[in-house]
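Protein chains in written order, with numbering that gives the first Met the number 0: chain A, 0 to 315; chain B, 0 to 197.
Since the hints were derived computationally from the structure, they do not count as laboratory data. The beta carbon of each residue, even a glycine, is placed where N, CA and C say it ideally should be. Careful: at least some of the hints might be erroneous.
[Stated by the list, open to error] Here are the in silico distance ranges between beta carbons for each label pair:
1. GLY99(B) <-> GLY118(A): 49 to 57 Å
2. PRO83(B) <-> SER206(A): 33 to 41 Å
3. ASN36(B) <-> GLY154(A): 35 to 43 Å
4. SER67(A) <-> GLY99(B): 24 to 32 Å
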Amino acid sequence: MIRHLLSAADLDHTEALRVLDTAAELLALADRPIKKLPTLRGRTVVNLFFEDSTRTRISFEAAAKRLSADVITFSAKGSSVSKGESLKDTALTLQALGADAVIVRHQSSGAPHRLAASGWVDGSVVNAGDGTHEHPTQALLDAFTLRRHLAGGVGDLDGRRITIVGDVLHSRVARSNALLLATLGAEVTLVAPPTLLPVGIDSWPVSTSYDLDGALAKSDAVMMLRVQRERGAAGGFFPSAREYSRRYGIDSRRMALLPDHAIVMHPGPMNRGVEITAEVADHERSVIVEQVSNGVAVRMAVLYLLLSGSAGEQDA
Amino acid sequence: MERAAGTERVVLDDRDVARALTRIAHEILERNRGSDNLLLLGIPRRGVPLARRIADRIAAVENIEVPTGSLDVTMYRDDLRLRPARALEHTELPPAGVEGKTVVLVDDVLFSGRTVRSALDALHDLGRPRAVRLAVLVDRGHRELPVRADFVGKNLPTSLVERVRVLVAEYDGIDAVCITGTGLHPSEADPARAGGLR
Numbered sequence: 000m001i002r003h004l005l006s007a008a009d010l011d012h013t014e015a016l017r018v019l020d021t022a023a024e025l026l027a028l029a030d031r032p033i034k035k036l037p038t039l040r041g042r043t044v045v046n047l048f049f050e051d052s053t054r055t056r057i058s059f060e061a062a063a064k065r066l067s068a069d070v071i072t073f074s075a076k077g078s079s080v081s082k083g084e085s086l087k088d089t090a091l092t093l094q095a096l097g098a099d100a101v102i103v104r105h106q107s108s109g110a111p112h113r114l115a116a117s118g119w120v121d122g123s124v125v126n127a128g129d130g131t132h133e134h135p136t137q138a139l140l141d142a143f144t145l146r147r148h149l150a151g152g153v154g155d156l157d158g159r160r161i162t163i164v165g166d167v168l169h170s171r172v173a174r175s176n177a178l179l180l181a182t183l184g185a186e187v188t189l190v191a192p193p194t195l196l197p198v199g200i201d202s203w204p205v206s207t208s209y210d211l212d213g214a215l216a217k218s219d220a221v222m223m224l225r226v227q228r229e230r231g232a233a234g235g236f237f238p239s240a241r242e243y244s245r246r247y248g249i250d251s252r253r254m255a256l257l258p259d260h261a262i263v264m265h266p267g268p269m270n271r272g273v274e275i276t277a278e279v280a281d282h283e284r285s286v287i288v289e290q291v292s293n294g295v296a297v298r299m300a301v302l303y304l305l306l307s308g309s310a311g312e313q314d315a
Numbered sequence: 000m001e002r003a004a005g006t007e008r009v010v011l012d013d014r015d016v017a018r019a020l021t022r023i024a025h026e027i028l029e030r031n032r033g034s035d036n037l038l039l040l041g042i043p044r045r046g047v048p049l050a051r052r053i054a055d056r057i058a059a060v061e062n063i064e065v066p067t068g069s070l071d072v073t074m075y076r077d078d079l080r081l082r083p084a085r086a087l088e089h090t091e092l093p094p095a096g097v098e099g100k101t102v103v104l105v106d107d108v109l110f111s112g113r114t115v116r117s118a119l120d121a122l123h124d125l126g127r128p129r130a131v132r133l134a135v136l137v138d139r140g141h142r143e144l145p146v147r148a149d150f151v152g153k154n155l156p157t158s159l160v161e162r163v164r165v166l167v168a169e170y171d172g173i174d175a176v177c178i179t180g181t182g183l184h185p186s187e188a189d190p191a192r193a194g195g196l197r
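One chain only, chain A, in its complex shape:
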């Protein structure tokens, strides 16, 4: 297993399946009286969040605690970062605390890579979302959810057609999903307004379309992306929220275009009424809540696979 998880492209087919298979076994833990394993007892996991996050931070925290790791959560707000401390100085502090894993979310693309490549910390670095770049554990939990619904919970996603819709330009979720789902054999189509497709999309392992209705009819799953207003997505990329939702949002009419077995996903947090209507978000074929609970199992799998055995390697 790799030492850091910075990009969904770090995982080859075998490793991606190993994460999903491990997560599948760990998912059963949620139904047991004691939802805890002693596996990472005495290890320290630091949640280093320079950017606001609810579900990812809580999810990683729950995952680490269920594996009995000690968890230190560090939010930039209320920390020395707001006094101007650099990433390097923060990292050196964590190193002094003896962090075995650093889970980092940062508003700048590439910050986790810098942390992993710099030698500032000895522990494993897990990218929990960096700028508009990548969010590999989100892609893993999406792949896990897709596999449960579309492939009977085993093997890869060979030939499954996944449509990702919306603000691809600002979406680290879209990039990580495109890479991972392609690794797992799925056919990914990105549907977005031309202004919200990034430069260089030709090099992604995906096809693109501007026609949502046409793509939906051929989809096994549709993943709606959040319009990222905090990254300026509302400013000039499309005329109005209303026009955006009419052309690229999912409502009951569009949902009816999907094949009967198809599922609707959203990485959250949702802008209800913009990219997804409340009826669709709360529909029985929407798996948005399940994505969250699968996220804990997938992050447990990642922490287990990154951290076990690592002490031996370091001592050797």
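Based on the hints, put chain B in the right spot on chain A.
Just chain B now, with coordinates in the frame of chain A:
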């Protein structure tokens, strides 16, 4: 049996294995005074089919289906930090769980006792059985922890340079217990329980 190692010999063949499992089934019934409240939990991988075989034999004698399951102990092992991450095996319990049951743990080989220690910890997190027993097809000695088996198919005195392999039809096509002997170079003969080799 022709094997690449050349020095491997069969200690128990399929009929020996069948007889040992039959005897273990009878001993479990005798000790438990019947099949009431029994739960057989196999330790993956090869303990799982062995547990099912014992349950089949109990069913043949008592005409009662004893519940069986599997108990993965990977996350409870004491050597996780020393080795690359292992894939997890499946834990499957009957709906009634382990609470108040007489649990019989079933494994293929008893060696250091560390797997059984892990299994006891794993079981502890699943509930509170009334009693826990241990059944193994082969006890090869060299305990590193104060663990003993209640039901033993075959006591097989071995030296630490030897390896014991249990083959079961479900995974290996045949039932047998083999011992790979002294032909091994000492560096290969580390008793570490890597993979399915013991």
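Status of each hint after checking the structure:
1. GLY99(B) <-> GLY118(A): 49 to 57 Å: With a Cβ separation near 54 Å, GLY99(B) and GLY118(A) satisfy 49 to 57 Å, so the hint holds.
2. PRO83(B) <-> SER206(A): 33 to 41 Å: holds, 37 Å
3. ASN36(B) <-> GLY154(A): 35 to 43 Å: holds, 39 Å
4. SER67(A) <-> GLY99(B): 24 to 32 Å: About 27 Å separates the Cβ atoms of SER67(A) and GLY99(B), which means 24 to 32 Å holds.
Checked against the numbered hints given earlier, this structure breaks none of them.
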